[in-house]
Each structure stands twice: as C-alpha cells, then as structure tokens.
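Colleague: So the protein sequences, as listed, match chains A and B. According to the numbering used here, the stretch in the first sequence is residues 1 to 338, in order. According to the numbering used here, the stretch in the second sequence is residues 1 to 345, in order.
Derived from the structure by calculation, the hints contain no laboratory data. Any given hint could turn out to be false.
Dumping the calculated SDA-like pairs for lysine to any residue here, alpha-carbon to alpha-carbon at most 20 Å [as the list claims (entries may be wrong)]:
| no. | chain 1 | residue 1 | chain 2 | residue 2 |
| --- | --- | --- | --- | --- |
| 1 | B | 271 | A | 76 |
| 2 | B | 220 | B | 69 |
| 3 | B | 271 | A | 83 |
| 4 | B | 257 | B | 286 |
| 5 | B | 271 | A | 77 |
| 6 | A | 152 | B | 276 |
| 7 | A | 106 | B | 118 |
| 8 | B | 86 | A | 209 |
| 9 | A | 156 | A | 266 |
| 10 | B | 265 | A | 121 |
| 11 | B | 69 | B | 38 |
| 12 | A | 69 | B | 118 |
| 13 | B | 69 | A | 121 |
| 14 | B | 204 | A | 82 |
| 15 | A | 69 | A | 115 |
| 16 | B | 108 | A | 126 |
| 17 | A | 273 | A | 259 |
| 18 | B | 288 | B | 191 |
| 19 | A | 160 | A | 300 |
| 20 | A | 221 | A | 252 |
| 21 | B | 204 | A | 209 |
| 22 | A | 69 | B | 59 |
| 23 | B | 108 | A | 76 |
| 24 | B | 69 | A | 124 |
| 25 | B | 86 | A | 221 |
| 26 | A | 69 | B | 86 |
| 27 | A | 273 | A | 194 |
| 28 | B | 108 | A | 82 |
| 29 | A | 165 | A | 190 |
| 30 | B | 86 | A | 263 |
Here are a few chain A residues that sit away from chain B, every Cβ distance over 12 Å (derived from the structure) [what the hints assert, rightly or not]:
| no. | residue |
| --- | --- |
| 31 | 27 |
| 32 | 88 |
| 33 | 115 |
| 34 | 157 |
| 35 | 221 |
| 36 | 262 |
Positions of the beta carbon are idealized from the N, C-alpha and C atoms, including for glycine.
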Amino acid sequence: MKTVRVVVVGAGVIGFSTAVCVAEALPFCSVTVLAEKFSPDTTSDGAAGILFAAQFPDISVERQRRWFKDSFDHLRAIAQSQQSPEAGVMMSSGYQIFKDVPADPKPYWSDLVIGFRLMTDRELERFPGYKFGQAFTTVKCECSSYLPWLEKRFRKAGGKVQQRKVSSLHDLSDSYDLIINCSGLGSRTLTDDPQVYPVRGQVLKVEAPWLQHFIRDGDGKTYIYPGIHGVTVGGTRQEDDWRLEVDDGDTRSILERCSRLEPSLSRARVLSKWVGLRPGRRNPRLERELVQPRGRKVPVVHNYGHGGWGVTLAWGSALDALGLVRQCLHEMPPQAKL
Amino acid sequence: MRVAVIGAGVIGLSTAQSIYEQYHSIVSPLTIEVYADRFTPLTTSDGAAGFWQPYLYDKGNVQETEWNKETFDYLLSFLSSPESVKMGIFLQSGYNVCTEPAPDPTFKDIVLGFRQLTERELQLFPGYTYGWFNTALMVEGKTYLPWLMDWLQKRGVMFYHRKIESFKELAESGADVIINCSGIRSGELQPDPELTPGRGQIIKVDAPWLKHWILTHNFKQGVYNSPYIIPGSRLVTVGGVFQIGNWSEQNNSTDHKHIWEEACKLEPSLKHARIVEDWSGLRPVRSKVRLERETIQCGPSSVEVIHNYGHGGFGLTIHRGCAQEAARLFGQIVQQKGKGPKSRL
Numbered sequence: 001m002k003t004v005r006v007v008v009v010g011a012g013v014i015g016f017s018t019a020v021c022v023a024e025a026l027p028f029c030s031v032t033v034l035a036e037k038f039s040p041d042t043t044s045d046g047a048a049g050i051l052f053a054a055q056f057p058d059i060s061v062e063r064q065r066r067w068f069k070d071s072f073d074h075l076r077a078i079a080q081s082q083q084s085p086e087a088g089v090m091m092s093s094g095y096q097i098f099k100d101v102p103a104d105p106k107p108y109w110s111d112l113v114i115g116f117r118l119m120t121d122r123e124l125e126r127f128p129g130y131k132f133g134q135a136f137t138t139v140k141c142e143c144s145s146y147l148p149w150l151e152k153r154f155r156k157a158g159g160k161v162q163q164r165k166v167s168s169l170h171d172l173s174d175s176y177d178l179i180i181n182c183s184g185l186g187s188r189t190l191t192d193d194p195q196v197y198p199v200r201g202q203v204l205k206v207e208a209p210w211l212q213h214f215i216r217d218g219d220g221k222t223y224i225y226p227g228i229h230g231v232t233v234g235g236t237r238q239e240d241d242w243r244l245e246v247d248d249g250d251t252r253s254i255l256e257r258c259s260r261l262e263p264s265l266s267r268a269r270v271l272s273k274w275v276g277l278r279p280g281r282r283n284p285r286l287e288r289e290l291v292q293p294r295g296r297k298v299p300v301v302h303n304y305g306h307g308g309w310g311v312t313l314a315w316g317s318a319l320d321a322l323g324l325v326r327q328c329l330h331e332m333p334p335q336a337k338l
Numbered sequence: 001m002r003v004a005v006i007g008a009g010v011i012g013l014s015t016a017q018s019i020y021e022q023y024h025s026i027v028s029p030l031t032i033e034v035y036a037d038r039f040t041p042l043t044t045s046d047g048a049a050g051f052w053q054p055y056l057y058d059k060g061n062v063q064e065t066e067w068n069k070e071t072f073d074y075l076l077s078f079l080s081s082p083e084s085v086k087m088g089i090f091l092q093s094g095y096n097v098c099t100e101p102a103p104d105p106t107f108k109d110i111v112l113g114f115r116q117l118t119e120r121e122l123q124l125f126p127g128y129t130y131g132w133f134n135t136a137l138m139v140e141g142k143t144y145l146p147w148l149m150d151w152l153q154k155r156g157v158m159f160y161h162r163k164i165e166s167f168k169e170l171a172e173s174g175a176d177v178i179i180n181c182s183g184i185r186s187g188e189l190q191p192d193p194e195l196t197p198g199r200g201q202i203i204k205v206d207a208p209w210l211k212h213w214i215l216t217h218n219f220k221q222g223v224y225n226s227p228y229i230i231p232g233s234r235l236v237t238v239g240g241v242f243q244i245g246n247w248s249e250q251n252n253s254t255d256h257k258h259i260w261e262e263a264c265k266l267e268p269s270l271k272h273a274r275i276v277e278d279w280s281g282l283r284p285v286r287s288k289v290r291l292e293r294e295t296i297q298c299g300p301s302s303v304e305v306i307h308n309y310g311h312g313g314f315g316l317t318i319h320r321g322c323a324q325e326a327a328r329l330f331g332q333i334v335q336q337k338g339k340g341p342k343s344r345l
C-alpha cells in the first residue's frame, strides 16, 4: 500500500500527542509535524500542567470522561516509571478550595483521579474564608520536558519535524493526503473559526522547594503548583486579551493572592514570569471535515480549542483524533493514495 | 538560678527554649547555658530526614502519644506565618504501606486527612497490600536547629563547645539544675542498660520530581528496617536500616547497596537520581523516653538533674511535648527551692 502522507499542524501538547498516536498506530502513514513554534515557545510550555478539568457544555460527559481517563492513565504510567524525570511527569497531591460550596461538589473526574475526598475541617482551618475543599492526587505534566520527550518518541516512530508557519490549510493539500489541525489559537485564522479566542494567562515561577502540595482556588484564578524545578503560581483569565507581555499589575496581584493562601510564599524568590494565550472555545473542536481546495478532496481532522485544559486532555483527544483519522483513511478513495 | 543543658540536638535546644519561655520572667536571674561537643549540622537531629511520624503503635504509652500530638499541633501553628520557612517546617503527604493488613496507627487522629489507601493506589506498591495516606509535617533539623540556636542566643542563652564528662563537673562549677539531653551518649554520664543505639544509614539524593513520602512496614523486619523515601526541601532521604547495638557512625557500603536496591524497587524513577551523600546516625533507643527528675549527690551538696533522653527514631516528632514536660519538672524544682514568685496571703 502506498504511504499516506499525514501532516500535523501545531507542535504544542495537542499536536505532538496526536502526532505520536498516529505515527505509532499507523506505520503505513508518514507523519510530519509542521509548526511555527516549538518547545519552549509553545503555549503548552508555560502551563503548570496539573491534570484537572472543567466540564464543556455541549460534549457528552462520557466522551469527556474518556478523554480525561485516557490522558490520566497514560501520564500516570509515565509518572510511576523510570521515565518520570526525563518526561517531566510526576504525581502531585493537593487541594482545591472554595469560598462557597460549589453546585457540583463531586466533578465528573473525581473517580478518575486518585484518592478524591472532601477536605476535613482541620485541613480547611489553614484557609480562612474558604468553606469547602477537595483533596486528591493527580498528575503534573511539565511540557518543557514532556514535549521534547514526545518528539523523541515521535521521531523513533519515523515521524518528521519541520519548522514553518502555515498560513492556510489549502497550501498543504498538494503535499499531504490528510491534515490534522492542532493549531490551537492559530485556528482562528487558519480555519476562519471566530469561536476560538484568547484567554490570557500570566504565571510566575518561584523558588519555594518546601512546597509539596498544589493549592487551587475553585474560581480558577489563583493557584500554586509545585513542580520539578520551581513552583508555578498564578494566574489570570483575561478573555479576548491578546497581550503577550508581562503585566506588572498582574504580577503583584498574583503574588498577593497566592501569599494569602500560602503565607510562606512571601519568602519565595521569583525566578521568571510568563504569559500564554489559552485557546478558548465553548467546546474543543474534535471532528473531521473534507476540504476541497483545488478540486481534490482532502480530509482534515480538527483537534483544537482546549482552553486551559490542553495538557489535561491531550492524550485522550489524540486517541479520539486517531479514531477520526482511521475513519478518514477508511473512506479514502483508492486514487487519493497515489 | 543557673541551668546547664547538656546536648545541642533538637531535645537540648527545645528544652532550653521551653524553660526560657516559661520561667525567664519568674526566676530572676535565670542563666541558661548549653554544653555540647557537637552542634548543628553535626548532631543526630541534623542527619534525620525531619519527618514527623511516631512509630505505628504506641503500645499503651499514651504519654508519648500526647507529647507527639503536642509537638504536631505546635509545629502546625507556624504554617500560617512565613516564619515557617526559616524554621524548616512544611506539610507533606504520603504513604505508609504494609505487607499485610494492620490496625490503624495510633497517630491517625493527630495527622491531617488520614485515610485508607484505595486499590488503585496500592497498585503503585507491588508487594504491599495495605496502607494509609495522610498529610504530615516535615521539620528539617538542618534548618530548625540553627533557628532554635538563633532564638536562644537572642535571649542571652550561652553556648559552650565542650564535652561534659560528669554531672559533678557542672555541679562544682555552680549549676543549680542540669538538663541531661545527651541522647545516645547519656550512658557516659550515667550508665543506663536500657539505652542502646539503633543505627541508621541514609542516602541523600537529588530527585525533585518526588513530592510524597513513602514508608514501608514489614512487621517481621521491624521498624525502619524496610525501605523509606522521604523528600525534603532540597534533597530526598532514602533509607533505611535500624541496627540495634551497632555503634558505628561510619557509612557502610553493604548497607548502602541494600538500601539503594530496595528503594529503587519501591520507586523506579530513583534510578535517575543523583546521589549526593551518605550519612549514618545512632538513634538513642530506649524502652521508653527517660523524662524524669533525679537528685544527684556530689560530695556535700546535691544537684538537680532532669533527664530528657532516649527518643529513639522519633526525637523531632516528640521534642516539643517533652520539652514542655521538662519545663514543668523544672517548675517543681523552682517551687521547692523557693525561687518562684512569692506566695501572697
């Protein structure tokens, strides 16, 4: 059978996860990752990478559970193996705290993480003003290590990598038989999707090696995530804000809010500051379509718009995308493979 | 009154602190002196991982359980202040795993968030079929001891780098009360057949991706004789052995090999950890902590001694409770000597 030429647009966690899944599962495909930015310059690189999810309104809970579970189990196996330090994947325990009791005290992923339980009164005493909390153990996946690790795995499976800015998917239809679009926020122009918009997030990395637990305010705006080489503290959720520059007001606000949750942070040295634009969307777009740029029909599998949950859902969405790729290949007329 | 403390490990320093806290405004003048031949970072307390956890079961010794609880609550109270960093105190969660089902440990209500391990969690620990998860405290000796010394020095406590050969020596130089916190070497001051070394050896490694402590329990082998991995603020402590009667403070390569192999089986990612150093220490093991008064005759006069030693592998865990109790005993002496506040009619 002739090799099917597959291109993955985007080299963030969604792009590389999908590329690895396809390259490893479908050896008769030649897979190329094309992107303008690679680690450490992708949106994924600055993310703390704690596995944790919000619920999307229009996707079935079963499908979201499957994404979460597949991702969690995949990363957990790495965290508990010898690969853990090289891949930048580790186990992390901690707390999500709420000022008011949430409508849904047990989210859909509560049985998919480890040891999920409600916090005791004694544990809540540490957080004056917070009435409710959840304690659990989850995975942390640091993309500045994980993306190079995935790339290594991708190349081992025969994958190729090319640095290039893609201005239009149509440009790719001559060189490739199947396009997988993992361009995140870039899809706004690449596929003319106005539904994807930036949600600006600023974080700081501080030196506080005595911190072992993550702490997250249920409102999603204030969080402390101890990692391998520093503690990520944040954050902001500024919709439709395209600024990539660090905002000093945000820096002060982050340090002040986080120090209130964890007083010892006021003694922590700030190592770096970073801004990323989450590819916000009401729901992630994980579906296929056929484009017909120049007479020839080319299948496209879209896998973008994961907002702040990219790392959390990457592997599960990649497997889902692989399923869509298989469907596309199955339906491909024979002459397209020449 | 002149108080002479022998020993500058966590027991000696914290006892000096408790006595100062409770009596410096009651007894005037109150001179406190600490004598030791080893100071931080060379004490037994410095080498320990700094993990708060008593042995699984107190075997009816409820007094020790109370002192452990007092210590935990005391240390916990500092977490709401940034001072906790300078004291070396922070929270850490982890796993106690056993080779067979076992009753809940005596400390289950002292720690935070205590619960049984789920089936999924136990899959992480092949060979172990039962266990618990909880959040406990770390109190790192290498940070806590300097903090204590600084605290004491600011309040006029004097330190003397000198090995004390006898209680008599201090009595003759004018000490009114001697606090004996000489740990494993108390036998040199006064023979104690119940005191024996429980030698431990540990390996310190750089593995910053580890954020949970893991203690394994093999009831046939005994406490701390089976692997444990305890991440600290900078390095991870890997152990362990518990060799009763072994006085050697030298690192042993056979022990190192054994500890390392067992730990790597427990945590495969350790294979990529950089080994920084080995350390050996002698836990001052005793059937129970010796915390009591004794009047020692020195020729024509006598000197009051408060013994506070024999804390085995749980010195950091129990230190505050014992220090407060020792201060209480000191209070009795103060009353008896008529040095307390004058009673009012």
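Colleague: Go through the numbered hints given earlier and state which of them the structure violates, listing their numbers in rising order.
Modeller: Failing hints, ascending: 2, 4, 6, 9, 10, 11, 22, 23, 25, 26, 27, 28, 32, 33, 36.
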